[in-house]
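Chemist: In case you want the letters, here they are:
There are 2 protein chains.
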Amino acid sequence: MNQKAKINIKRYENNPIITPGDVKPSRPEFKVECVFNAGVTRFEGDVLLLLRVAESAISNDKQVVKVPYYDYMKGEFVIENFDRNDPANDYSDSRYVKTPKRLYLTSVSHFRIARSKDGVNFVIDEKPAMVPANEYEMYGIEDPRITLIGDTYYINYSSISYITGVTTCLATTKDFKTFERKGVIFTPDNKDICIFPEKINGKYYAFNRPASAEYNRRDMWIAESPDLLCWGNHRYVMTARDDMWDNGRVGCSAVPFKTEKGWLEIYHGATKDNCYSLGASLHDLNDPGKVIARSTVPIIKPEEDYELYGFFGNVIFNCGVLFENNKIKIYYGAADTVMAYAEVDIDEIFKNLGV
Amino acid sequence: MNQKAKINIKRYENNPIITPGDVKPSRPEFKVECVFNAGVTRFEGDVLLLLRVAESAISNDKQVVKVPYYDYMKGEFVIENFDRNDPANDYSDSRYVKTPKRLYLTSVSHFRIARSKDGVNFVIDEKPAMVPANEYEMYGIEDPRITLIGDTYYINYSSISYITGVTTCLATTKDFKTFERKGVIFTPDNKDICIFPEKINGKYYAFNRPASAEYNRRDMWIAESPDLLCWGNHRYVMTARDDMWDNGRVGCSAVPFKTEKGWLEIYHGATKDNCYSLGASLHDLNDPGKVIARSTVPIIKPEEDYELYGFFGNVIFNCGVLFENNKIKIYYGAADTVMAYAEVDIDEIFKNLGV
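Residue numbers (the working numbering), protein chains in the order written: chain A, 1 to 355; chain B, 1 to 355.
Please note: incorrect hints may appear among the correct ones.
One copy or two, either will do: identical chains are not told apart, so a pair holds if it fits within one copy or between any two.
Claimed, not checked - DSBU-like mimics (lysine-lysine), calculated; alpha carbons at most 30 Å apart, straight line:
#	residue 1	residue 2
1	Lys290	Lys74
2	Lys101	Lys301
3	Lys290	Lys101
4	Lys101	Lys127
5	Lys199	Lys329
6	Lys117	Lys24
7	Lys6	Lys329
8	Lys10	Lys66
9	Lys258	Lys174
10	Lys98	Lys31
11	Lys177	Lys101
12	Lys301	Lys351
13	Lys101	Lys6
14	Lys301	Lys290
15	Lys127	Lys199
16	Lys182	Lys203
17	Lys10	Lys261
18	Lys272	Lys98
19	Lys182	Lys258
20	Lys290	Lys31
Everything labelled a hint here was simulated from the structure, so no lab data went into it.
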């Protein structure tokens, strides 16, 4: 595969824009490992990022792997210790501890707010905006997407728990101070939900990415809703393509936005060996389940050091964009470690899509 | 484990009540392998079973395994041939052909109507009521549940396809002659959906059994709906129990019915080595997500030859019951091959539940 992204996309020269060192740990016993995959919106004139902050438990002994998670029965965070030399456990993927009995995550994620006037220099809150709080969120809350409808910001996110798997939950806010949880909106395993910002023919829509264990599928689907809480009429939308940049799996990434040519979705695709890039797909204005066009070369793929190396390298992944003055402003997680920024003209995307 | 079901349950003396030989194949090139896991209701005074009929493609050469499925692009059934001696393929489970590229089912299921005046002697339709018809149903439609609400029968069923995994679809009928498809109501993998027969505090409810690939979960959940089409507020209800008859996995089986002590669900539990039995769970009348009691010994488990031996032996599985005159009339699939019948007084179930 030798697909060169010839698109004219401009990375910010001082990337990355936010790194783990910029974020204060939420607890003294935690260390910030990653700040990435932020939800994006404008709030009170600022660019507001809802950062995913992944923290590990500090271990002073290299032979002891500490795993933090939220114990919903106790109502507090607990830390379990694992012996790195225990041959029964698998530590080969930096993100997991796989024991014979249970899968653990080596970090637990929460959400933190960052604000910027110029879109690249951010002031980051000292304290979390949302932290794990129930049995669905024991292993953390991840990858938020923000959709503004009316005066309410709808935030959906992946909730991870060994009891309930990977579900998607909804929360709402009007002020980014208080957040109201609205429960689980998609059953496990389903994540990468992107809610459209307006009704289409009287219905709300959301892209989603259910996983079929039995048939080994991880594809993009679309769902409809009367109220944003209950979802149905699920339809299969698109899948990985052989011999393309997205031959491993695909999922929705950014909240879609409207253009004169259709709904535009910036989605993520991975190769079979887990290189994550971003591409675009264009969807019918009246029936967004219909795909009009799709990137045959990615609009951005891992090339810079901060994209190639990190907690989980070779990854560009995003949860939102701003579409302003015909520019797509992409805030993305790089190497599952830092936040970076790039921008691209909408016409470049249309050229990339051949429309 | 030595749990003897001491409950007084009465199997019909001439079980099984329907066998594959009683069912006419839907096509000349097909053979009926199994008739099981029927949806159950009363219609025009009769007991009506919506049978799941699983058919294989007839092979005259033992070295050739023929796999039938519905090709939605062609709009017709096709048959693929596999060499039984091909070491790349796995034929060890009678239900599957596992090739390196794809998982196939060795049979394809449709629905057939059977009617009875006395509840045990059935007249079976010559032709199918519903057959696979779209991309979600390529590998068949399975395990229907029937819920009567108002004058409409709501039929939900598992739709199997290598493209879309295991989804649950909804169809409606008023006459059991024409069936209107209402689309996918739960994303993959999710099956064993049981819709409650009435609204509770203004909302419809359904038990369901999503599968988490990542965290290896297969548990009972509950969902709410304003319209039976869109579902949300998903909540985790109950899981397998160590050292019990349901220590492998659990799922909802029969459409729940109301008693003075709560909503009663006849659910299936499997041991870790795939012995499927039925038990009962009692749920709060106002909040059916709350479990009041649960069988510590099954109400029925595989003991008879027709339950122990068959296409997939050691299985009792049901999709519906009739609750009439304080009797629970259980129509169940046995050994994934035949339909059988048993009945039990509600008081026996309450005793079993200790309520």
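Chemist: Work down the list of hints and note, for each, if the structure agrees.
Modeler: Do the hints match the structure? See the list:
| no. | hint | result |
| --- | --- | --- |
| 1 | Lys290 - Lys74 | between (47 Å within a copy, 20 Å between copies) |
| 2 | Lys101 - Lys301 | between (37 Å within a copy, 28 Å between copies) |
| 3 | Lys290 - Lys101 | between (42 Å within a copy, 27 Å between copies) |
| 4 | Lys101 - Lys127 | neither (34 Å within a copy, 48 Å between copies) |
| 5 | Lys199 - Lys329 | within (24 Å within a copy, 46 Å between copies) |
| 6 | Lys117 - Lys24 | within (21 Å within a copy, 73 Å between copies) |
| 7 | Lys6 - Lys329 | within (18 Å within a copy, 67 Å between copies) |
| 8 | Lys10 - Lys66 | neither (40 Å within a copy, 55 Å between copies) |
| 9 | Lys258 - Lys174 | within (23 Å within a copy, 41 Å between copies) |
| 10 | Lys98 - Lys31 | within (21 Å within a copy, 45 Å between copies) |
| 11 | Lys177 - Lys101 | neither (39 Å within a copy, 50 Å between copies) |
| 12 | Lys301 - Lys351 | within (17 Å within a copy, 63 Å between copies) |
| 13 | Lys101 - Lys6 | neither (47 Å within a copy, 33 Å between copies) |
| 14 | Lys301 - Lys290 | within (25 Å within a copy, 48 Å between copies) |
| 15 | Lys127 - Lys199 | neither (34 Å within a copy, 43 Å between copies) |
| 16 | Lys182 - Lys203 | both (19 Å within a copy, 16 Å between copies) |
| 17 | Lys10 - Lys261 | within (23 Å within a copy, 66 Å between copies) |
| 18 | Lys272 - Lys98 | both (22 Å within a copy, 20 Å between copies) |
| 19 | Lys182 - Lys258 | both (26 Å within a copy, 28 Å between copies) |
| 20 | Lys290 - Lys31 | neither (44 Å within a copy, 38 Å between copies) |
Violated hints, in rising order: 4, 8, 11, 13, 15 and 20; the structure is consistent with all others.
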